[in-house]
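Based on the sequences and whatever the hints tell you, model everything.
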Amino acid sequence: AQSVSQHNHHVILSEAASLELGCNYSYGGTVNLFWYVQYPGQHLQLLLKYFSGDPLVKGIKGFEAEFIKSKFSFNLRKPSVQWSDTAEYFCAVNAGGFQKLVFGTGTRLLVSP
Amino acid sequence: SAVISQKPSRDICQRGTSLTIQCQVDSQVTMMFWYRQQPGQSLTLIATANQGSEATYESGFVIDKFPISRPNLTFSTLTVSNLSPEDSSIYLCSVELAGGPTDTQYFGPGTRLTVL
Numbered sequence: 001a002q003s004v005s006q007h008n009h010h011v012i013l014s015e016a017a018s019l020e021l022g023c024n025y026s027y028g029g030t031v032n033l034f035w036y037v038q039y040p041g042q043h044l045q046l047l048l049k050y051f052s053g054d055p056l057v058k059g060i061k062g063f064e065a066e067f068i069k070s071k072f073s074f075n076l077r078k079p080s081v082q083w084s085d086t087a088e089y090f091c092a093v094n095a096g097g098f099q100k101l102v103f104g105t106g107t108r109l110l111v112s113p
Numbered sequence: 001s002a003v004i005s006q007k008p009s010r011d012i013c014q015r016g017t018s019l020t021i022q023c024q025v026d027s028q029v030t031m032m033f034w035y036r037q038q039p040g041q042s043l044t045l046i047a048t049a050n051q052g053s054e055a056t057y058e059s060g061f062v063i064d065k066f067p068i069s070r071p072n073l074t075f076s077t078l079t080v081s082n083l084s085p086e087d088s089s090i091y092l093c094s095v096e097l098a099g100g101p102t103d104t105q106y107f108g109p110g111t112r113l114t115v116l
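Protein chains in written order, with this note's numbering: chain A, 1 to 113; chain B, 1 to 116.
It should be emphasised that the hints constitute simulated quantities derived from the structure, not laboratory data.
Warning: the hint list may mix true and false statements.
Claimed, not checked - In silico DSSO-like cross-links for lysine-lysine, where the CA-CA straight-line distance does not exceed 27 Å: (1) A:Lys100 with B:Lys65; (2) A:Lys61 with A:Lys71; (3) B:Lys7 with A:Lys100; (4) A:Lys69 with A:Lys100; (5) A:Lys58 with A:Lys100; (6) A:Lys49 with A:Lys100.
To be verified - Which residues of chain B face chain A? A few of them, derived with a C-beta cut under 7 Å, are: (7) Leu43; (8) Leu45; (9) Gln105; (10) Phe107; (11) Pro109.
Computed from a predicted model, the values in this text were never measured in an experiment.
Yeah, the Cβ is synthetic: ideal placement off N, Cα and C, and Gly gets one too.
Below, the structure is given as structure tokens:
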């Protein structure tokens, strides 16, 4: 069965610090990869997605993620975080042509001003 | 993307009762999904609801407990039956939109259920 691991459950950063959130998945075939974000009091929003092509994907609000197939990873990065990036971040995968999304456990990011 | 609304946004229910959650989307979609997010945990797919066919349930979820209706291409309901405190969760619907080379799921705001 597919699984997604997010190793950082809670991350605390100061503004302007760089961010990298880890995401690893277990599936050997073709995958589609997603990062979703949930800001406080808001619903889940798509941050970025990878399906093929350039493994470095750019999303909204200055976020990017890199797909490394050999490491089964899809880490999320941002060079300089802002207080407004405080949110919970979820990595998700669907694979094998199925629409089912499998989510990681989420990472709560707190950015202090 | 799509505009997805859910009703109610939250509810407090007594054990043994049922709650029906509505999901409305502003465009016609084939695939709708229902997820559960238990406190402190990630999202887990309950079932996939296609218009015109029976919902497909994931392992651990059964129709008697989570009956789903999908009467048209813009609407679905999820009922959580015979409530127990363990059903206290956020329930989310999502829709799949075809955009570019891959389909993407977009989520509603969720329904926060507390069972006493």
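Here's how the hints hold up against the structure:
1. A:Lys100 with B:Lys65: 20 Å, holds
2. A:Lys61 with A:Lys71: Between Lys61 (chain A) and Lys71 (chain A) the Cα gap is close to 26 Å, so the pair holds against 27 Å.
3. B:Lys7 with A:Lys100: Cα-Cα ~23 Å, so holds.
4. A:Lys69 with A:Lys100: Distance of about 20 Å is within 27 Å: holds.
5. A:Lys58 with A:Lys100: Since the Cα atoms of Lys58 (chain A) and Lys100 (chain A) sit roughly 23 Å apart, the hinted pair holds (cutoff 27 Å).
6. A:Lys49 with A:Lys100: 15 Å, holds
7. Leu43: Given a least distance of 4 Å, the restraint on Leu43 (chain B) holds.
8. Leu45: 6 Å, holds
9. Gln105: 6 Å, holds
10. Phe107: 4 Å, holds
11. Pro109: 4 Å, holds
No hint from the list above goes unmet by this structure.
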